[in-house]
Each structure stands twice: as structure tokens, then as C-alpha cells.
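Visitor: Given the structure of chain A, go ahead and fit chains B and C onto it with the hints provided.
Protein chains in written order, with the working numbering: chain A, 1 to 150; chain B, 1 to 172; chain C, 1 to 663.
Don't read these hints as lab results, they were simulated from the structure.
Even glycine gets a Cβ: it sits at the ideal position worked out from N, Cα and C.
One or more hints might be untrue.
The list that follows gives simulated cross-link-like pairs (lysine to aspartate or glutamate, DMTMM-like), each with its CA atoms no further than 25 Å apart [as the list claims (entries may be wrong)]:
id: 1; chain 1: B; residue 1: 108; chain 2: B; residue 2: 166
id: 2; chain 1: C; residue 1: 564; chain 2: B; residue 2: 83
id: 3; chain 1: A; residue 1: 53; chain 2: B; residue 2: 107
id: 4; chain 1: B; residue 1: 108; chain 2: B; residue 2: 171
id: 5; chain 1: A; residue 1: 53; chain 2: B; residue 2: 103
id: 6; chain 1: C; residue 1: 418; chain 2: A; residue 2: 131
id: 7; chain 1: B; residue 1: 150; chain 2: B; residue 2: 115
id: 8; chain 1: B; residue 1: 138; chain 2: A; residue 2: 130
id: 9; chain 1: B; residue 1: 138; chain 2: B; residue 2: 119
id: 10; chain 1: C; residue 1: 531; chain 2: A; residue 2: 23
id: 11; chain 1: B; residue 1: 63; chain 2: B; residue 2: 46
id: 12; chain 1: B; residue 1: 108; chain 2: B; residue 2: 56
id: 13; chain 1: B; residue 1: 138; chain 2: A; residue 2: 141
id: 14; chain 1: B; residue 1: 108; chain 2: A; residue 2: 23
id: 15; chain 1: A; residue 1: 53; chain 2: C; residue 2: 516
id: 16; chain 1: B; residue 1: 150; chain 2: C; residue 2: 384
id: 17; chain 1: B; residue 1: 63; chain 2: B; residue 2: 83
id: 18; chain 1: C; residue 1: 564; chain 2: B; residue 2: 46
id: 19; chain 1: A; residue 1: 53; chain 2: B; residue 2: 171
id: 20; chain 1: C; residue 1: 564; chain 2: B; residue 2: 104
id: 21; chain 1: B; residue 1: 108; chain 2: C; residue 2: 545
id: 22; chain 1: C; residue 1: 418; chain 2: A; residue 2: 59
id: 23; chain 1: A; residue 1: 53; chain 2: B; residue 2: 80
Quick look at which bits of chain C chain A covers, simulated, 3 or more residues with Cβ under 8 Å [as the list claims (entries may be wrong)]:
id: 24; region: 29-39
id: 25; region: 382-388
Computed from the model, here is a short list of chain A residues facing chain C with C-beta under 10 Å [unchecked claim]:
id: 26; residue: 55
id: 27; residue: 74
id: 28; residue: 96
id: 29; residue: 133
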Amino acid sequence: MLVVVVVVLVLAARPAPTKGVSDQRAFALATQLKCLQCVGESVGASQAPLAVKFRQEIDRQLRQGRTDDEILNYFAQRYGRQVLETPPSTGVGALVWVVPVVAAAGAVLVLAATFRRWRREQQGVAPSEEDEALVARALADRRDGDGAAS
Amino acid sequence: MRRAPWIAGIVGVAVLALVVLFATAPTGREADTSGSVVGRLAPALEGTTAAGAPVDLDKYRGKWVLLNFFATWCPPCVAEHPELVKLSQVPGTPVQVVSVAFDDPADKVTTFFAEQGGDWPVLVDGTETSTLDYAVVKLPESYLINPEGKVSQKLVGGITAGEVLEIVGAEQ
Amino acid sequence: MNRALGLGGLVLGLGGAFLGICAVLVGLRSGRKELVRLSRPYAGVVLFGAVLSVVAMQRGLITRDWTLKYVAEHGSSTTPPLYNVATMWSALEGSILLWGLVLAGYTVAVATKFRKRLEDPLVGWAMVVMFVVCVFFFALMLTAANPFRGNLPPPGYDGPGPNPLLQNHILMAFHPPMLYLGYVGFTVPFAFAIAALVTGRVGEGWLVETRRWTLFAWGFLTAGIILGSWWSYEVLGWGGYWKWDPVENASFLPWLTGTAYLHSVMVQERRGLLRVWNLSLLCATFSLTILGTFLTRSGVVESVHAFSGGAVGPILLGAFAVVVLVSVGLVGWRGDQLRAPGRIDSPLSREGAFLANNVLFAVFAFVVLLGTVFPLVVEALNGDRLTVGVPYFNRMTIPIGFALLTLMAIAPVLPWRKASGELLRDRLWWPAWAGVAAVVLGALAGADGVAPLLAFGLGGFAAGSAVRQLVLATRRQGVRGLVGRANGGMVVHLGTIVVAVALAASGSFIRTAEFELRPGASAVIAGHTVKYLGSRSVDRPNRVELRARFQVDGGKVFEPRLNKYRLTGQTIGTPSVRVGPLEDVYLALTRAPGTSNPAVGVRVIVQPLVVWLWVGGMVMVLGTVLSLFPGRRRNPLDPVSAPPVPEAQEAGPEPSGAGAVTA
Numbered sequence: 001m002l003v004v005v006v007v008v009l010v011l012a013a014r015p016a017p018t019k020g021v022s023d024q025r026a027f028a029l030a031t032q033l034k035c036l037q038c039v040g041e042s043v044g045a046s047q048a049p050l051a052v053k054f055r056q057e058i059d060r061q062l063r064q065g066r067t068d069d070e071i072l073n074y075f076a077q078r079y080g081r082q083v084l085e086t087p088p089s090t091g092v093g094a095l096v097w098v099v100p101v102v103a104a105a106g107a108v109l110v111l112a113a114t115f116r117r118w119r120r121e122q123q124g125v126a127p128s129e130e131d132e133a134l135v136a137r138a139l140a141d142r143r144d145g146d147g148a149a150s
Numbered sequence: 001m002r003r004a005p006w007i008a009g010i011v012g013v014a015v016l017a018l019v020v021l022f023a024t025a026p027t028g029r030e031a032d033t034s035g036s037v038v039g040r041l042a043p044a045l046e047g048t049t050a051a052g053a054p055v056d057l058d059k060y061r062g063k064w065v066l067l068n069f070f071a072t073w074c075p076p077c078v079a080e081h082p083e084l085v086k087l088s089q090v091p092g093t094p095v096q097v098v099s100v101a102f103d104d105p106a107d108k109v110t111t112f113f114a115e116q117g118g119d120w121p122v123l124v125d126g127t128e129t130s131t132l133d134y135a136v137v138k139l140p141e142s143y144l145i146n147p148e149g150k151v152s153q154k155l156v157g158g159i160t161a162g163e164v165l166e167i168v169g170a171e172q
Numbered sequence: 001m002n003r004a005l006g007l008g009g010l011v012l013g014l015g016g017a018f019l020g021i022c023a024v025l026v027g028l029r030s031g032r033k034e035l036v037r038l039s040r041p042y043a044g045v046v047l048f049g050a051v052l053s054v055v056a057m058q059r060g061l062i063t064r065d066w067t068l069k070y071v072a073e074h075g076s077s078t079t080p081p082l083y084n085v086a087t088m089w090s091a092l093e094g095s096i097l098l099w100g101l102v103l104a105g106y107t108v109a110v111a112t113k114f115r116k117r118l119e120d121p122l123v124g125w126a127m128v129v130m131f132v133v134c135v136f137f138f139a140l141m142l143t144a145a146n147p148f149r150g151n152l153p154p155p156g157y158d159g160p161g162p163n164p165l166l167q168n169h170i171l172m173a174f175h176p177p178m179l180y181l182g183y184v185g186f187t188v189p190f191a192f193a194i195a196a197l198v199t200g201r202v203g204e205g206w207l208v209e210t211r212r213w214t215l216f217a218w219g220f221l222t223a224g225i226i227l228g229s230w231w232s233y234e235v236l237g238w239g240g241y242w243k244w245d246p247v248e249n250a251s252f253l254p255w256l257t258g259t260a261y262l263h264s265v266m267v268q269e270r271r272g273l274l275r276v277w278n279l280s281l282l283c284a285t286f287s288l289t290i291l292g293t294f295l296t297r298s299g300v301v302e303s304v305h306a307f308s309g310g311a312v313g314p315i316l317l318g319a320f321a322v323v324v325l326v327s328v329g330l331v332g333w334r335g336d337q338l339r340a341p342g343r344i345d346s347p348l349s350r351e352g353a354f355l356a357n358n359v360l361f362a363v364f365a366f367v368v369l370l371g372t373v374f375p376l377v378v379e380a381l382n383g384d385r386l387t388v389g390v391p392y393f394n395r396m397t398i399p400i401g402f403a404l405l406t407l408m409a410i411a412p413v414l415p416w417r418k419a420s421g422e423l424l425r426d427r428l429w430w431p432a433w434a435g436v437a438a439v440v441l442g443a444l445a446g447a448d449g450v451a452p453l454l455a456f457g458l459g460g461f462a463a464g465s466a467v468r469q470l471v472l473a474t475r476r477q478g479v480r481g482l483v484g485r486a487n488g489g490m491v492v493h494l495g496t497i498v499v500a501v502a503l504a505a506s507g508s509f510i511r512t513a514e515f516e517l518r519p520g521a522s523a524v525i526a527g528h529t530v531k532y533l534g535s536r537s538v539d540r541p542n543r544v545e546l547r548a549r550f551q552v553d554g555g556k557v558f559e560p561r562l563n564k565y566r567l568t569g570q571t572i573g574t575p576s577v578r579v580g581p582l583e584d585v586y587l588a589l590t591r592a593p594g595t596s597n598p599a600v601g602v603r604v605i606v607q608p609l610v611v612w613l614w615v616g617g618m619v620m621v622l623g624t625v626l627s628l629f630p631g632r633r634r635n636p637l638d639p640v641s642a643p644p645v646p647e648a649q650e651a652g653p654e655p656s657g658a659g660a661v662t663a
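Pulled out of the complex, with its shape left as it was, chain A reads as follows (with noise of 0.2 Å):
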């Protein structure tokens, strides 16, 4: 049944027409600018007179037909890097980017080599019969035959 609500909520989820292909564009650009006037919001959420002053300009330049890059990077240019929502992928900055990547990646090595050395060791030692035989009257005693509870 509730597999139903999922394919609802799904179902629900079609795309709305857009009213101007631009206009979208605009509110995209601006939620990748930070406000400067506020705190902890984008231009594209804030109405302070800045973001509003920025949106304008995003949308006089999107008229222009300038591209995305380069509208940002015209905000960049006056008001620094801190403008930008997104970190640079260059310099100190792109360690934000690389160092949980690398993180991650190592994580995963450490785990699967400790899996390898754990499997290497196990087969040294197999069970006997009469080990087994202990382990399934142990199972045969447990309701939990699915393994589906804790």
C-alpha cells in the first residue's frame, strides 16, 4: 500500500509547464549568488535591495544574451570569489571537493582490504561437522528463520 503512496507522490511529480524558459534561468543564476546585504542567503531567496539590484542585472544580461558563465563571473569580478555560492575548483579552495572525495575513497580501500585479510585468515580455520551441527540445532531453535528482525 505504501509502495501506492510512493507511485502517488511519483505520479505527482510531472513537470509544470514553465512560463519563460529565462525566467527559470534567472532564478537559477541567482540562487548561485550569495547576497551580500543578508545573512546566509542566495539572491535568488533574499528581497533586499541588493539581490533585487542583482537579479535585475542577471536579467538585463540574460536579454543580452550573454551566458551563464559569464554573467557570473561579472559579479565575481566586482565583488570577489565570496560572491559565488560555489567553491572554487582551483587553488585551496578545491580542497573542499577533493579532501571528503578522498575521504570517502579511502574509507571504502580500508574497509575492503580489512575484508580481504579477514577472509584470507578465515580460511585457515574451517568449522567442523560437529560445529555446524551445533549452529543449525542453534538456527533450528530461533523463530527468526528469515533473518528479517534484529
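Guide: Frame of chain A, contents of chains B and C only:
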């Protein structure tokens, strides 16, 4: 797990580093946030006053200019205004004040200057991009432009006439 | 009067906690049980002190006692009653007071729950840790964050009232207490973890003792976070509910490590593995609550709801360092005793899946923590200013979210020890089809883009697995198949999946537009017509409201507002939302109509499935409540090394907890 003490050590060092980082981090972000125009040639600024007269910043080349971004709806700007008046009235002042209204209709600006005094060029129109060119963040903000047309300083928040004259005096 | 009462309460709390530490420590050392048993009355004293202070603060707020600095700075005679109560947690000192109250409550709850074995060193040490945390917070309130500072008000004084944003929606009265019940609740398992390390009883006993406490805290933290995002949605006026703001991250970090712990603890209970890891997770969760409080209360990182706090920052930072160093030191010291008695046989097993879950949650928490503090790191390194904003967090965490959904689909059907491919194929057959069906339906409904479709597919897959487990359990055990940790956990999974699907849909298919409309004019966005009917002004004691009337799709009329607060002059909007099961139409005013220009500025946002975020959150809390009830009796074969009377602790659910969660 023989590695436990090792891991403990690594975590300890990492935390220590984090603590040092926070302890040394400057709090408050009042300092100039970009300063990218400071030291560079002042971006072009052209517009019209409330009366419709054109103003071009280049016309003031050879003089010190205090370019002031303000709005009549911004309380600190209102508080700063008497200082600007004072600065413009210093006899033989070396500094020309030029104001740019931020997001403010012409009639309000006219009324404001009529009530509060002050007689210098105030741009109300045609300045849409100059606010962005100068990277204005919080009003009021002032840019001190030297006779060569370079931005010598960015002054965030309300200025005082004495402060401006002192900077100009020191640089001359 | 209020000031004396409040300060008296704080001193009482501090003294009670301090004497409690002394009594228990001396008692444990000398073996005098009557001294150790004093921890319960002392806990009562701490709670009494905290209640006294809170009463004094509330009395001060209600009677507008301007001689209290806190009331003078954050109260006002025009604040409506409900928000007047909530003013207590609308600024730094008062919120620490709330923290102290909740902490004292938990201390008493622990002392009451374990009243029969207070002299057990494990419980005794846990009480000591609770008392130490109490001492810290009460001392903080008596020094750097004193809510009862005096004030000499000029005659006729009236305060400014709380931040307008915080008196704009009723959720503000409930979200912070919920969050604090969650935050502070993690002190209990942390106290037992430290106690286990100190006493050397690092077996599974303390885990069993605290598992309900952890679930309880986790449930409240979940509810607090969901209510917080609901508040953002209803108040902030941009149609968003989560923006990776440092304060949000601060509440999310302990949630992540707490969630990781709730999973990995099962591996330890069942197999005795991952002991160091579980201890670390609990210590991390607790220290992250302290770090979060520091980050948001010290002004180090900027955030919407940051309170600047003077000397509080360094003190909290010091506390964070002490907590981490003590935990790390204790874990290192007990390292040899924490050696696991076994190992994981195969990565394709329940325990392997839990391990993968923990890696994912740990990476998730790391990404969030790094993103939050990274601007500071860079500034310290080379003075550059940069921003780590929403695009970063989305790009980094969405893949982790996908991995977690995948795991959520596979892990519940995996047996312990080892699984075969055949078994997996057999058990995942229907869930996989559910996933395929979800994708097909999503595509038929017109959803495009890889990410949302993938989210729907994985959501359907995971929901299939959860439903399969629930169906099997209810078939076997009837209604009891819905309670207990494993089954309640599946209900929590379903809630999480609903939230994930709603996140994917609302994030991917949002439509925003801004309009300027004259009375009678309409705008069309995403197939919806919004007609502006006119506006009127309503006077309230604390603000003037501009109410604009909009008719959506020719039906009901909605009234978004702009509230101008009299005292501060700030203008804060209150959006109005047409909530629907399929999509919300969100209206927020951007500009009031003026004399020269009668047009009103409005932002219209059409966002699908938003309401399911809150529904999913409620399902998660419901699942947590179900998990709190005892499930099947513990299997005697399970490794349980709790020394004394573990069965006694299995008695009944905590009625207060269950009631409070559903309330």
C-alpha cells in the same frame, strides 16, 4: 583493535587543529569584503541628477572626489548626512562630494536634500550598473577617488568630515 | 524579585549538580552506597533549580519585568502571549536556560529510571557525567550567558520584542523545544558511554540500557529538524525549506552521527563488533551538539539565526575540546578491552550493510562539517574569502543520498553473517519491480532528468523492501509485527523515503516567477492563474499588516502579508500557501502597493510534493515511537554481556516519551 590508540591520536590532533583554527579566526565581518576597486582606476560613472542635469565623474579628474552611495530609506545614511554637508562646506575644501542614490525615487531625494541641506551633484538615474561596478554592499558606502582618478580608499559605513580630510591631507 | 528567584534557581542547580558529583564519586570510591544513592535527590535539586529559573524568566516575560536585562532586550509589551513565552528561546541566554531545563529533566529521568541500581558503578558514573554537563551549563548561565542580568529601565520603557522573524509563526513555539529535547537527549547515551569506558564494562550492557534513550532523543531531533524546515518554508518567503545554513547544519550533524549509531549499535548488540566505532559515534554526536552550539552562538560563522554571544564562544569551544579529548583519551586507554570478539564474515551480510551505512553517514557528516567550516579554514590559510553554499552541499550530498537509498533497499532483506546471490535475488524481486514501476510512473507523469527519476526508482525500490519486511513481520506476529526496533525502523525508512522523494521532486521541478500586478490583473505560472484582488491594512499592537488578496485558479482566496513592526521598523513578509497533495502554490509579497504605483509585487512559486516532506517527517516520528515499544523478546543466543539484571530494563515503554512524541 590495536589501532584504537592511533585513531584516537589522529582524531585528537585533528580536533586540536580545529580548535586552534576557531580560536584564531577573526569574528565579525565588518572589514571591507572585496576591495577590488581600491587601487584601481575608478569605474566610469555617468548619470543624471533629480533635476535632469547630466553628471560625469571624469569631469572631476584633478580633484579629490568622495563618491557616496546612500538612500533616503537607510537610517545610517540619514545619520551620516550632516557630516557630508560639513565636508562640502569646509572653506576651500579639496574634496568634491558626489552622491549616488541607491534604489530611491528622484522626488524623495529632492525632498531629502531640501530638508537636510547639502548642495552637490546627486545622481538618481542611469546609475543601475555603477552600484555593482563599485561593489557596493551595505549603505552607506563611500569611495575616495584621488586626482588621478584612482580609488584610494573604500569607507564602509558613515563617514566623518574630519576622517576624510585627514586621509586626503595624508596622501597629498 | 524575578532576578533573585532566577539567580537562586541557577545557584541551586549548580550546587545540586556539584554536590551530586561529589557524593557519587566519594560514595563509589569508599563503597558507601547510601552516598551514591544521593544522586537521585541531587538530580531533583538540579531540576528544581532549573524549573525555578525558568518560572522566574517566564514570570519576568509575562509581567514585563524590565529590570531583567534579557526581558528588556528581547521582550516587549506588545508581543502576543504565545510568542512572549517563546521569547525565552529567541536569544542566546534564554535558549541556554531552556537547554539547562531539558538537561535537568533528563538527569532526573535517568535517576528515576535506574533508581533500583543507582549504586551500580556504571549508573553512578553515568550520573556523574550528567552532573558534570549540568555544572557546565549552569556555570555558563551564571557567568558568560547569564539570563538574569539586572537592568535599570528608564521610566516608561518598552522593549523591542524578539526578532520579528521569530514572532511570525506558531511553529517557533514548538520547534526549538523539540530540537533541544533531541540535542540534549544525546547526553544520556554519551554519559553511559563514558561510564562504560571509565568502569571498563565496555561490553554490550550499556548499549542495551541506553538504546531507548537514544531513539527517544533521535525522534525529537528528527521532529525538531522537520519542524525547523517547515518553519523556514512558512516564514522565509522564498519557498525553500533547507538552505544548508550553519544552524541547520549544526542540528543536522548530530542527527547524521546519531543515525549512524542507531544502525551500527545493532551490529554490536548482535555480534559484539564495532565497539570503538560505536563509542566514538556517541562521543561524536554529543561533541557535535556542543560544536554546533558554538558555531551558531559565537558568531564565528554567519547565519540567519546566529546570536552573537561574547564570551560564550570560547567557553563552548573549550568544552568541545575537552569533550573530544576526554572521549578520545578514554577510548585510547581502554583500547585493548575494546577488541572485537569476532569479525564480519562477508561484506554481503546485514552487518556488512550496516558498516556500509556507517561509512556513508560518516562521509555525509564529514562533508557537512567541512562545508560549514571551510570558509574559515581558507581564510586562516591564505586570507581568501570564499563561500561554500547550497550548490556545493547539493552536489556532494545527493550522491550520498542515492547510495543511502540503495542501501536502504538492499540491507533490510539481508541476513546476518552471509547472504548468497540467490537469496538476494529472491528477496529483492518484488522491491526491484516496485522501483521500476516508480520510474515508469514518474516518466509517464512527465518527470524528466536523471536525478529525480533515479531518486524515484531507488525510493520505490527501498519502499518495496521496507514494505516486504513489514508484511512478513505482521503475517508472522500480527499487529506486534509493527512494533519493536526492526519493524518500527522499517516505518522510519518509509518516512525517510517519502521525504527523499519529496525532496527530489520539489527540488527538481520548482517554478518561480515574480510579478507586479495591479488590482484585478492576473498572472499565469506553471498552469496556475493568480489574480490580485486588492489589499488592505490591518493594525495589530506590535505591527501593521498589509494583507493582499489573491485568488488562485479562480478558487480560494489567499492573503500573503507584509508585516511592518512598529518598534524596529523591520518589514517581514508572511507568505500564504495553497497546500495540495500534488503541488503547493506559494505566494509571497515582495513590494507593497504605493500611492504612485498601485501594483503589488508578488513572488509565486509552484513546487510539487512539498507537503510530503512534513508527512514523511511525521511517519519517521511515528516509526520512532513504534520502535520504542519492546519488540520480540531477546533471543537467548544473542551475545549480551550486561552483567546485572538486563531483563528488568526491558520493561515497558516510556509513556511520557511516546505521548510527547505524538503530541
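Visitor: Could you run down the list of hints and mark each one as holding or not?
Guide: Evaluated hints:
{"no.": "1", "hint": "B:108 / B:166", "in the structure": "violated (32 Å)"}
{"no.": "2", "hint": "C:564 / B:83", "in the structure": "violated (30 Å)"}
{"no.": "3", "hint": "A:53 / B:107", "in the structure": "holds (20 Å)"}
{"no.": "4", "hint": "B:108 / B:171", "in the structure": "violated (36 Å)"}
{"no.": "5", "hint": "A:53 / B:103", "in the structure": "holds (8 Å)"}
{"no.": "6", "hint": "C:418 / A:131", "in the structure": "holds (17 Å)"}
{"no.": "7", "hint": "B:150 / B:115", "in the structure": "violated (33 Å)"}
{"no.": "8", "hint": "B:138 / A:130", "in the structure": "violated (80 Å)"}
{"no.": "9", "hint": "B:138 / B:119", "in the structure": "holds (24 Å)"}
{"no.": "10", "hint": "C:531 / A:23", "in the structure": "holds (20 Å)"}
{"no.": "11", "hint": "B:63 / B:46", "in the structure": "holds (17 Å)"}
{"no.": "12", "hint": "B:108 / B:56", "in the structure": "holds (22 Å)"}
{"no.": "13", "hint": "B:138 / A:141", "in the structure": "violated (73 Å)"}
{"no.": "14", "hint": "B:108 / A:23", "in the structure": "violated (31 Å)"}
{"no.": "15", "hint": "A:53 / C:516", "in the structure": "holds (16 Å)"}
{"no.": "16", "hint": "B:150 / C:384", "in the structure": "holds (24 Å)"}
{"no.": "17", "hint": "B:63 / B:83", "in the structure": "holds (19 Å)"}
{"no.": "18", "hint": "C:564 / B:46", "in the structure": "violated (36 Å)"}
{"no.": "19", "hint": "A:53 / B:171", "in the structure": "violated (34 Å)"}
{"no.": "20", "hint": "C:564 / B:104", "in the structure": "holds (19 Å)"}
{"no.": "21", "hint": "B:108 / C:545", "in the structure": "holds (24 Å)"}
{"no.": "22", "hint": "C:418 / A:59", "in the structure": "violated (59 Å)"}
{"no.": "23", "hint": "A:53 / B:80", "in the structure": "holds (23 Å)"}
{"no.": "24", "hint": "29-39", "in the structure": "violated (count 0)"}
{"no.": "25", "hint": "382-388", "in the structure": "holds (count 6)"}
{"no.": "26", "hint": "55", "in the structure": "holds (8 Å)"}
{"no.": "27", "hint": "74", "in the structure": "violated (17 Å)"}
{"no.": "28", "hint": "96", "in the structure": "holds (5 Å)"}
{"no.": "29", "hint": "133", "in the structure": "violated (15 Å)"}
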